[in-house]
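J.: Given only the sequences and the hints, what does the whole structure look like? Please build it.
Protein chains in written order, with this note's numbering: chain W, 734 to 1072; chain C, 10 to 331; chain Y, 1448 to 2019.
Calculated from the structure, these hints are not laboratory results. A portion of the hints provided could be inaccurate.
No more than 25 Å apart at the CA atoms, straight line, and that leaves these computed lysine to any residue pairs for SDA-like [unchecked claim]:
1) C:169 - Y:1703
2) W:759 - C:133
3) Y:1611 - C:55
4) Y:1846 - W:796
5) Y:1747 - C:232
6) C:12 - W:956
7) Y:1976 - Y:1838
8) Y:1661 - C:133
9) Y:1901 - C:43
10) C:169 - Y:1838
No experiment lies behind these values; they were computed from the predicted model shown.
Residues per chain are reported as follows:
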Amino acid sequence: MIGLKKHTQVAFSQSPGRVSWEILNKDKRTRISFAILLLIIALAILAPIYSSFIAHTNPFVSSLDASFNMNGKTVQVLQPSTQGLGLGVTPIGPTWKFNHYFLGADSQGRDIVARILYGGRNTLFIGFVSSLLTMFFAILIGVIAGYYRGFIDNFLSRILDLIWAFPVYLLAISLSVVLLTSGLNFGFIHFGAGSLALPIFIIGMVYIPYVARPLRAQVLSIRERDFVKAAIGYGAGNSNIIFTEILPNVLPSALVFFPIMVALNMLTESALSFLSIGVQPPSASWGTIINDGLALLYTRPLVAILPGLMIVITAAALNLYGDAVRDALDPKLNTRIIK
Amino acid sequence: MIKVILTRITSLFLVLAAISVLVFLIFFATPGVDPAARIAGRNADQQTLIQVRHSFGLDKPIPLRYLSMMNHLFIQRDLTSYVNRGTKVIPELLSTIPATLSLVVGASIIWLLMSVVLGIKAASSKRKWIDPLISVLGIVGVSIPVYWLGEVVNLITQSKLHDSIFHWLPPLGYVGITSDPVQWFLHLIFPWITLSILYTGIYIRVLRSEILTAMTEDFVKTERAKGAGEKRILYRHAFRMSLLSIVSLFGLDFGALVGGSALLTEVVFNIHGIGKLTFDSLQNFDLPVIMATVIYASFFVVLANAIVDIVYAWLDPRVRYE
Amino acid sequence: MYSKKNKLFKVATISLLITLVSSLILSTNVKADGNSLPAFDKSKAGGTLKLVAQSAAGTLDPKINYTAQYWQLYVATYDGLLAFKYASGPEAFKVVPDLATAMPVISNGGKTLTFTLRSGIKFSNGQPVTVNDVKASFERVFKVSGPTAGTFFNGIIGADVCLKTPATCKLDKGIVVNPSTNQVVLNLVSPDDAILYKLSTPHAAINPAATPGKDQGTTPIPTTGPYMYKSYDTNKSLILVRNPYFKEWSHDANPQGYPDQIEYDFGVTPTAAVTAVENNQVNFMFDQIPADRLPEIGTKYANQAHISQLTAMWYLPLNVNIAPFNNPKARQAINYAVDRNALIKIYGGANLATPVCSILPPNFPGHVDFCGYTKGATPQKPATSWTAPDLDLAKKLVKESGTQGQPVAVVVADDDVNKQMGVYLQSVLNAIGYKATVEAISGNIQFTYIQNTKNKVQISVTQWFQDYPAAVDFLYVLFGCASFIPNSDSSINMAGYCNKPLDDRMKAAITLGAVNPTAANAQWGQIDKDMMADAPTVPLFTPKQLDFISSGTKNYVFSPQNKMLFSQAQLK
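T.: If you want it as structure tokens, here you go:
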């Protein structure tokens, strides 16, 4: 698995407040990464405009026998080889014309640009929602394990071990068969066949230990602090202490993880698409477009390379932002910056 | 401390048992994976199907099937594949270890060297542009999907430029170091680089911030006040301090990689290691092999976790178990 | 046929064929215009033939292995009493005596076949081949629960008991041997017109009587042919060397081979394999060539590519027992709607496949050129060949059937070609008024998954390859009532189609075939048309075999029965 297994050293600041946000806002990295992310989100949102008004194409319908008029000549989108033995059919490459297959077509004769724009929506959506899921469970487990300690901690830590060591690929492949055929019922949760919920759920689970472990360690040490001991001494209730003393102190660190998690989860999504779990055709995500493009790697390498670059750029922007957040919320580095 | 270690060992086995049970249940809950018809062959007669089901013990209840599989895996040690009948799972698994070790050890040498050099440079260089540049490199490194990078590397080295720059490159695959050290090296050079790019990115980032943190510690200030040179402070103190977290991080990563986390790299470069074996067995729905590889992989992951945790607990009394 | 190793020879259930044996079938089904092989040329012998595949094909036991990948090796290593002739062209479908001295003497109304075993032949371990080995080999089919035990060899007297209690299988009455005269008498419960074909397959190969009655897995069993197995590791390689005891006894049945050694390496991806063949590092690749490598092979390496006709079909079984395809109009609609040329584009282009709308492939006994589901044609007034889809008519039929708006899931294997076809079909089904999804599941389970009625598969993409040239192999096996077994993973009639009147006509044609093959084939042609009017399936196209071999490989011989004949490849 792709993974940062490092318990990133996120020290918490007792009052992150305005100072941190100002630093964050002044940080060049914030601006650069925000600009990139906004551009990518805008592109994803504008996907329908590109496909219906500029390219005049439906990126979800196969058009294996389509042809169009370019420079007065009729051009086939899927071009059978005419030389030699005439083996193989190659989709059209980049035409560099916005109204016709600007960057070419995939093996179903669909416009690549439109697919990538639409694919970005799913990739970003999966990355974002699954990260929310990761954060929710990680904070829950981290706080409970760290606060109650003892048996509960031991039990939850073993659950984390289990998730961490569990073969995600097996889960993914098996569940994809179930999902594809009948959908899944977990009592109250129902995953319909072909729904996005399942990839989001699986991806959301993978990195829980990665976030939960450092949070737990933090809670363990916060619990030893005087102000928590004092609260316990006053006879404050557990849930009261958790919500007023522990959580506010853990949240900044959790916040630092969020952009990094979105990046990681996007990468996981693309890796799982390699195994055909995830977004189901004819929809797309960058991961599934890469996977489709691998079958065209020798004739039309762009189909696989472009969505990969999109992932790299987006993930890099998120990581950059994550660095900026960490520096802003990290008091040790704070002193350094002021000095 | 001994108590802590004992608890961890017990829980290690509990986790492994839980994983094996889960894998088993998921396998048999997946529709269409009943291996009997695939073992029996195309269009087999119904009688034959019954015989095959019986001879593989597939007509027994699930708990008995599980126990029998564990018995063959751990006690008899003669578990055989469902797909490649007659292939014993344990020797098959053991035979893939050299390839994985070669890949992982080579790649980790590269990423450790690269990240130590670049991480120290980033944390210490006086030139303004060096730190941001190395940081950006690190960020890009952790943002690349490994299998995509591998495919692109293959496209360039095996096809587009194979006739010119990379004509010396052998086809994809793995050659044992004992049979031909030169070929071993040539086959692995690009897999090493590809795998190490991700980890170089991670380690640069960690090392840089650890060194910077250490440089602000009180004892460094004391050293400085005593008149120690910056170089000496950097290498003797800051770097040494940061090594602790690097070593524990490396422990986790190495454990996971030896356990098969290099799956995507092995698949893309066609290296028949433990990851590729896992991948193939998943593709084939070959439960005995899946079971063996999963337990093997989980063992290393959980073990590495336990060791790192224990070392941490030993070094940092605040996190010590009660 | 595509990259995964699970694309096997799909061999027919012929257990119910109760007909008279007639050697006529063999001579009339096969046009005698193929080529026998020239005599062995010693100066061309030598070298190592290197083959590669993505993965090994399982057990090496010839009584159990049922894959095209290893059957291609078995024809150079094992021998039965009979064999398909070593030849190119249609001549390769001819059955010739192999370990038997001559074709069997048939008596007792087709129920008794008498062979004489050749003497002086030795196994690769030096032991002589005796009549006891023959008997033990047939018993072993049952002892190891071979895949064809209940479909090929269940007609032998005593087979019923052996199927139930394999461990103690005895065929004392079914196979009577006489060591002093070298005679082998095969007794059948009833006449079986396909028995000679069945006896020519590797599952009827003769192995030493001492071979244990268990799957031998990776342990090689001594051979009789020009090569024997030296070592087998399913993750690495399979190595064949010359059998020191082999002396050519029949050039037609199993001729002397040219390479000194044959090495099959596993774990090479198709893309890497193409590159290796191009660079002359290996001689032959087994897997389907990836679509994006086809253009370069067709141009730069055109003289190393060999395209051969196959008698096979890609088709879409339509589940006639559940909605929407329990409605004949819905089945006809999809037949009109599917653009065969579009699917052929995905498969690799017009030079690698021919569109069809009949179940019997072109050039197959009984085949008639007809197409009821092309633009401007109806099942009642068919055209001669497929030209274009008719989407408007398809939409109209869907409306009339009252099934529009219903969900349809297309189940395909998850390799690239099949998945692309699924995505295309999804698009077409949506276009004619359904709500379609595509379900790509692992190629290793898709084939059994779509057979089981429990999985409620409505439509799927699959393939069928002939075992021997007889119409029964397609029509009766794939769409006969006997092949439909609800709730079983082994129910090859995936459409679940059981049409009693047609089933009776097929049985009659089988009986007729024994006495008058020409008349029977005319019957089969009509049955094909009538069945397609009811449309239990959408036939898509007839694929061609594309073999890509290295520039250093000479004397490529393609047998339509056994594919490329490895033993005849010359490396000098």
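J.: Hint by hint, say whether it matches the structure.
T.: We went through each hint and held it up to the structure:
Restraint check for residue 169 of chain C and residue 1703 of chain Y: the C-alpha separation of about 42 Å exceeds 25 Å, so the hint is violated. This hinted pair checks out: residue 759 of chain W and residue 133 of chain C have alpha carbons roughly 24 Å apart, not beyond 25 Å. The straight-line distance between the Cα atoms of residue 1611 of chain Y and residue 55 of chain C is roughly 11 Å, inside the 25 Å bound, and the hint therefore holds. A hinted pair counts as satisfied when its Cα atoms are at most 25 Å apart, and residue 1846 of chain Y with residue 796 of chain W qualifies at roughly 24 Å.
Restraint check for residue 1747 of chain Y and residue 232 of chain C: not satisfied, since their Cα atoms lie roughly 70 Å apart, outside the 25 Å limit. The hinted pair formed by residue 12 of chain C and residue 956 of chain W meets the criterion: a straight-line CA distance of about 23 Å does not exceed 25 Å. For the proposed pair residue 1976 of chain Y and residue 1838 of chain Y, the alpha carbon gap of about 22 Å is at most 25 Å, so the pair holds. Between residue 1661 of chain Y and residue 133 of chain C the alpha-carbon distance is near 69 Å, which puts this suggested pair outside the 25 Å criterion.
For the hint linking residue 1901 of chain Y to residue 43 of chain C, the alpha-carbon distance of about 13 Å falls within 25 Å, and the restraint holds. With a C-alpha separation of about 42 Å, the suggested pair residue 169 of chain C and residue 1838 of chain Y falls outside the 25 Å cut-off, and the hint is violated.
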